[in-house]
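**Q** Next come the chains, spelled out residue by residue.
There are 2 protein chains.
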Amino acid sequence: MESNRLLEMLRGHQGEYISGEELSRRLSISRTAVWKQINKLRQEGYEFEAVSRKGYRLVHTPERIQSAEVLSQLRTKAFGQPLYVLEVVKTTQEELRKLAEQGASEGTLVIAEEQTLGRGRHGRKWYSPAGQGIWMSLLLRPGQPIVFAAQLTLLTAVAVCRAMRKVSGADVGIKWPNDLLVQGKKLCGILVESISEDELLKYCIVGIGIDVNLQQEDIPEELRSVATSLRIESGARQDRAKLIAEIMHELEQLYDLYKQEGFAPISHLWEALSVTIGQRVKIRTPEGELGGLATGLDSTGALLMTDDHGKARTIFSGEIQLGR
Amino acid sequence: MESNRLLEMLRGHQGEYISGEELSRRLSISRTAVWKQINKLRQEGYEFEAVSRKGYRLVHTPERIQSAEVLSQLRTKAFGQPLYVLEVVKTTQEELRKLAEQGASEGTLVIAEEQTLGRGRHGRKWYSPAGQGIWMSLLLRPGQPIVFAAQLTLLTAVAVCRAMRKVSGADVGIKWPNDLLVQGKKLCGILVESISEDELLKYCIVGIGIDVNLQQEDIPEELRSVATSLRIESGARQDRAKLIAEIMHELEQLYDLYKQEGFAPISHLWEALSVTIGQRVKIRTPEGELGGLATGLDSTGALLMTDDHGKARTIFSGEIQLGR
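Line by line, the protein sequences give chains A and B. So in this note's numbering, spot 102 of the first sequence is number 102, and the numbers just go up one at a time. So in this note's numbering, spot 192 of the second sequence is number 192, and the numbers just go up one at a time.
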């Protein structure tokens, strides 16, 4: 409620500064409380300029992702349709899984403005604040042998990486298997959940989380050394609807290519965008830590490396730390 | 209701014959209706002797699977516990999946007396009548890379095959990947559903359906050339609780072995019990039909064959017809 009245006042000033003291007096709350409300609004995507002695000025009201805007920019046959744009959800994965169980078609896309229980790889929490990022899940029904599941994860990383580079110009690269980075800092995570029956994939829920328009101060302090956003790296606010449409386009193109030509062309594209291949890496696997040189992908999508004793290794699962 | 009164009368005769005519008269229904009721009871596991001029005699009342009986015979650390013995369900897979989502532990077992929507491989209906078979689902949480999912399917086939041979003495063999046969006729199907996150298996719902005590006349006529039961093949009624306990024992032993030693020992056991390896096979794959000689398993659990043109093939998914 206080934040609503605060917004009203700042809007009433038409982009002029209004001092913290005046806000405090008019709202009958302390200066600290004003500052807390401002921060809360920042997390919802509002942007303020704060200048000492002058006060606060509203410079940006958060946009919402509009279905119509996404749909009008889609250049796909099926990916991104039907489209569900939701407000606050626990996770888009969960929402899409319900739809999948009810028979939703391949290409169905669920987007949320905010996730309250966003998760990353290995069950880690994924910070998904309102209005600043893209939190979405796409349904695939590949009917492939389960042995190839990792390939779909790599394919997704390639598609999202290409779309982000194209739309923003930022120098985005892929860390094996599917983290997207700029200069060693993460700005996109991909999480693929697969449901299989015997040796065939029944469906895949492809979760994509992108820090699009977060600013330095929106990123929790303890994450600033490892996390960034497309806005920080490109120097410009990005149009989320446009980026979503571009990702759907890239994904559908690569998926069609994969179904026709198999994994080889995807593997080449992945290696070209990779920041892992040709690097010394340290990798945490279920069996312990391993150091060595990452050399390429095998035909299933596993990582090939030569360990510190010169032995060839195939890594199916693990987490990489670069350049150590 | 009529079948209840019919049973009462037959029970009242203490194993002596009672004529169809008398049953018809006492129940005030036609002879055909008597015969229909007898058949209905047979499907529920009751057994009758029918001798012309003498009439019907009740020779067996169906047993139910008792939790206590299974639990008292378990020799496992975790497999088979907790145990849920249910009456009629759509599928045990669905029941166990609900439990898995709520955090059920590895080894949790769901058994049902009857499934109304029992399914086999490739979405086919699986006939699961009351009281005659074992329809059950076991929860595994292997945490293995998804690329190895097929191995768990093969492991299950080995364990169930060994348990069936041990308990009944029947000459049960494995058709790739996981059908169990005696002399070319199927008596057990296995269906493994896996839920994965990125490259790791989160959990597997291992479905096992065994035709245990069905008699020739219990098997739908259109299936008699391809389906059989353990009772038909061993010549004796089998104790279902004992067989369940033995399967849990074999599964846990092999699963522990697999976790310690990997797939190689499981692969050897599978090949030894296989009716596929060393045979000419015709196989229907997603890419079309293929003929050739099945030669073995690869390290992921895929089938290796030499096709009719002498070319080596790796089959990840498909359905085999033997000896064509």
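Check before you lean on any hint, since a few could be wrong.
Which copy? The list can't say, so a pair holds if one copy fits it or any two copies do.
In silico DSSO-like pairs for lysine-lysine, Cα to Cα no more than 27 Å straight-line [as the list claims (entries may be wrong)]:
#1 185 to 54
#2 202 to 90
#3 259 to 282
#4 166 to 242
#5 202 to 186
#6 282 to 202
#7 98 to 202
No wet-lab data here; the hints were simulated from the structure.
**Q** Now, for every hint given, state plainly whether the structure supports it.
**A** Tested hints:
| no. | hint | in the structure |
| --- | --- | --- |
| 1 | 185 to 54 | neither (35 Å within a copy, 87 Å between copies) |
| 2 | 202 to 90 | both (24 Å within a copy, 20 Å between copies) |
| 3 | 259 to 282 | between (33 Å within a copy, 25 Å between copies) |
| 4 | 166 to 242 | within (11 Å within a copy, 63 Å between copies) |
| 5 | 202 to 186 | between (30 Å within a copy, 25 Å between copies) |
| 6 | 282 to 202 | between (34 Å within a copy, 25 Å between copies) |
| 7 | 98 to 202 | both (14 Å within a copy, 18 Å between copies) |
Hint 1 from the earlier list is the only one contradicted by this structure; the remaining hints agree with it.
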